[in-house]
Amino acid sequence: GDSVTQMEGPVTLSEEAFLTINCTYTATGYPSLFWYVQYPGEGLQLLLKATKADDKGSNKGFEATYRKETTSFHLEKGSVQVSDSAVYFCALIKTGTASKLTFGTGTRLQVTL
Amino acid sequence: KAGVTQTPRYLIKTRGQQVTLSCSPISGHRSVSWYQQTPGQGLQFLFEYFSETQRNKGNFPGRFSGRQFSNSRSEMNVSTLELGDSALYLCASSTGQGDGYTFGSGTRLTVV
Chain A
177 GDSVTQMEGP VTLSEEAFLT INCTYTATGY PSLFWYVQYP GEGLQLLLKA
227 TKADDKGSNK GFEATYRKET TSFHLEKGSV QVSDSAVYFC ALIKTGTASK
277 LTFGTGTRLQ VTL
Chain B
153 KAGVTQTPRY LIKTRGQQVT LSCSPISGHR SVSWYQQTPG QGLQFLFEYF
203 SETQRNKGNF PGRFSGRQFS NSRSEMNVST LELGDSALYL CASSTGQGDG
253 YTFGSGTRLT VV
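Line order of the protein sequences matches chains A and B.
Position one of the first sequence corresponds to residue 177 (my numbering), numbered consecutively onward.
Position one of the second sequence corresponds to residue 153 (my numbering), numbered consecutively onward.
Hints were generated in silico from the structure; no laboratory data involved.
There are no misleading hints in this set.
Derived lysine-lysine pairs resembling DSBU-like cross-links, with alpha carbons at most 30 Å apart:
(1) A/Lys-244 - B/Lys-209
(2) B/Lys-209 - A/Lys-225
(3) A/Lys-228 - B/Lys-209
(4) A/Lys-270 - B/Lys-209
(5) A/Lys-270 - A/Lys-236
(6) A/Lys-253 - A/Lys-236
Bound conformation, chain B alone (with noise of 0.2 Å):
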């Protein structure tokens, strides 16, 4: 069984510019949850789709969005890049039940 997976594994952007990270669930996993790690905040949730639909937010600005295809594959963007979001990038996918998250390897993203 596949696991979740994350693309591209690195990825190095000049301020100003836009990203997009992609993300494969599992096989069947119809929810999936984006979270942003850095050394200084930790682990911090940015979104979560479920059935193509934005189920719940976290605290981030506007530049950070989202979204879900109907395959279940998701994925983030961020526009007008700034420093502070270098980070590792992580989509974790679920049944959608509450029943834990199985992780990518996330993507690293360096800004410059």
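Pulled out of the complex, with its shape left as it was, chain A reads as follows (with noise of 0.2 Å):
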């Protein structure tokens, strides 16, 4: 079936610092991908999303590149803030299901000043 794989967090970084969240997935066809963020005690907000290979979706200084022949939708950003510090999940919707997200495991991210 499908899936994700997020790297294991809590990820910890200084203000200004670059970030890096890696996210993996295996699904047939064509997957759009998703990163969401949730911070405490909120449900999860759309970060950014991608729907084709090579496709780069973009929000709020975050960027992922949709990389087909490595199955990877990694989270980077030049320069965290402590305003960023939350939990990031990257999740996946089959095209023609349209109706299920499958999500990784969430990476907690905490930015120190």
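Each of the two chains sits in its own frame; use the hints to bring them together as a complex.
What follows is the structure, encoded as structure tokens:
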């Protein structure tokens, strides 16, 4: 079945450091890929998405590129802020089924001053 | 544009009871999905409704059920609650075309 694998956390960085959170997926066909962020006590917010190979999703300084050859969708940000501290989830949805998101286990990011 | 609204935000129930959670999707969204989030199992898909029909179902026991009304609002019901049902229940709405989901803030259910 479909699956998403994320790097284990927590990831602890100093403010202004470079962030990479790795995400790889297993799926048949051509899934759409997403990054969601969850702040403490809240639901999930869509951070960015990509729907086909080589697409780059970007939002609020975060970027991720859909790499079909390596089945990856790594999240990056050039300079993190304390306010970026949250849990980040990589997810996929299969084109055609359009009804079920498959999530990774989440990666907690802690940014310190 | 109003977001996805889930009620109540917090709920405490006793083992054996049943509970109903409510979700109002974004206006115009016809798809509503439900997810259970726990520290041990992460985010798990419960079911999805589209235009009042269950379109997909996850691997949960029959104690978990749902429905969708003609105005796209959805409810999920859990009967005979167990301690392991304690979780954050998240509702998400979309157009149903695979373009991503907007999540509500969730209902935190505690079973004691």
